[in-house]
Amino acid sequence: MLKLIIDIFLTFLRIGAFTFGGGYAMIPFIQTEIIDIHKWLTPQEFIDIIAIAEMTPGPIAVNSSTFAGYKIAGFWGSLAGTLGVILVCTILSALAGKYFFKFKDNRLLKALFKGIRPTVIVLIGSSVFSVGKVALLDIKSIGIAIVIFAALLKFKLHPILAVALSGIMGVMLFS
Amino acid sequence: MGKLFELFMVFFKIGAFTIGGGYAMVPLIQEEICSRKKWSSDEEFLDIIAIAQSLPGVLAVNTASILGYKLFGIPGVLAAVLGAVLPSFVIILVIAVFFAQFAKYKATELIFRGVRPAVASLMAFAVIKLGKKVGISGFNIAMGLLATVLLIFKLHPIIIITASGIIGIITEYWGGRSNAETDN
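In order, the protein sequence lines correspond to chains U and V.
The opening position of the first sequence corresponds to residue -17 in the numbering used here, with each subsequent residue numbered one higher.
The opening position of the second sequence corresponds to residue 2 in the numbering used here, with each subsequent residue numbered one higher.
No lab work stands behind these hints, which were simulated from the structure alone.
A virtual CB, placed ideally from N, CA and C, is assigned to each residue, including glycine.
Keep in mind that the hints are not guaranteed to be accurate.
Some chain U residues flagged as far from chain V (calculated, every beta-carbon gap over 10 Å) [unchecked claim]:
{"id": "1", "residue": "10"}
{"id": "2", "residue": "25"}
{"id": "3", "residue": "92"}
{"id": "4", "residue": "153"}
Cut-off 20 Å, straight-line C-alpha distance, at most; resulting in silico cross-link-like pairs (SDA-like, lysine to any residue) [to be verified]:
{"id": "5", "chain 1": "V", "residue 1": "14", "chain 2": "V", "residue 2": "39"}
{"id": "6", "chain 1": "V", "residue 1": "105", "chain 2": "U", "residue 2": "157"}
{"id": "7", "chain 1": "V", "residue 1": "14", "chain 2": "U", "residue 2": "157"}
The following block holds chain U by itself, in its conformation from the complex (with noise of 0.2 Å):
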């Protein structure tokens, strides 16, 4: 049994540590890994907890492997599942983010984030469109979009509560 929560641990360590790009870059790499190789889970499970992994709040990548973890090998499972994908990105990001606050007023590094700043609004500004494609399907969820964003604009709606307010509206547009 010790074996096997370290054998899960040490697995999405590796999965944490070599995909960049998060959730969704990760899902193929975990497939991979707890299904081709390690034959953990059958493909099917693996659709389930994809599934809820999206559905539930929080980052995919950490949803799905606390998901995969419980599946293989109980609470234990979980737990290694969840330490193991977090931990090098959690080590990587204080140790970047030490050198990024140190040196973020010498000049190169200025001119560096002067350059990269325009590109990241591009980045999120692309997943719009990508959560757009799948979620703008109708009339009904492009109404929601549309009130949910001039509730935004008009009353500074916060983000939490937008969430909640979209969830009852589709409860009751969509039944």
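Use these hints to put chain V onto chain U, whose structure you have.
Quick look at chain V alone, frame taken from chain U:
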């Protein structure tokens, strides 16, 4: 300890109410960290996202770790990352133990169909807010257009971020005049 708990709670909220992963957490972090707590400026937040995106792993966890370090060093990293991950862990565990059919419930599907369009609106709104902060200069528009073209050609985000950083440095040192100082 009070401040650490506050940091933990902010990321706990972010972890508990972000649906969709990746950049979907941007609006909530921007609202909580930049607008309300004023722990970071909008510009610095964009820099942090660029760093988080350029490292392996989970975007929300990377962002939590960088901001946590900025505010309170290593204890800050632990508080922020734990806050960001704990809601996921608990919610998934509860679902795995009690509601294995979660994704197949009618109510879940209805809520999810309502929330997804709102996530698109929230993200669009955050893009506008951050875009205003960065400012509409000739340089920024040119960089934005270049990034858009590179994205259309399906270049990896890390390559696009690296390329735009190099261009930022080249334009800064071209002719020796300090753009980073004067344009901001």
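Against the structure, the hints come out as follows:
no.	hint	in the structure
1	10	holds, 15 Å
2	25	holds, 16 Å
3	92	violated, 4 Å
4	153	violated, 5 Å
5	14(V) - 39(V)	holds, 16 Å
6	105(V) - 157(U)	holds, 15 Å
7	14(V) - 157(U)	violated, 29 Å
Hint compliance for this structure: hints 3, 4 and 7 are not met, and every other hint is.
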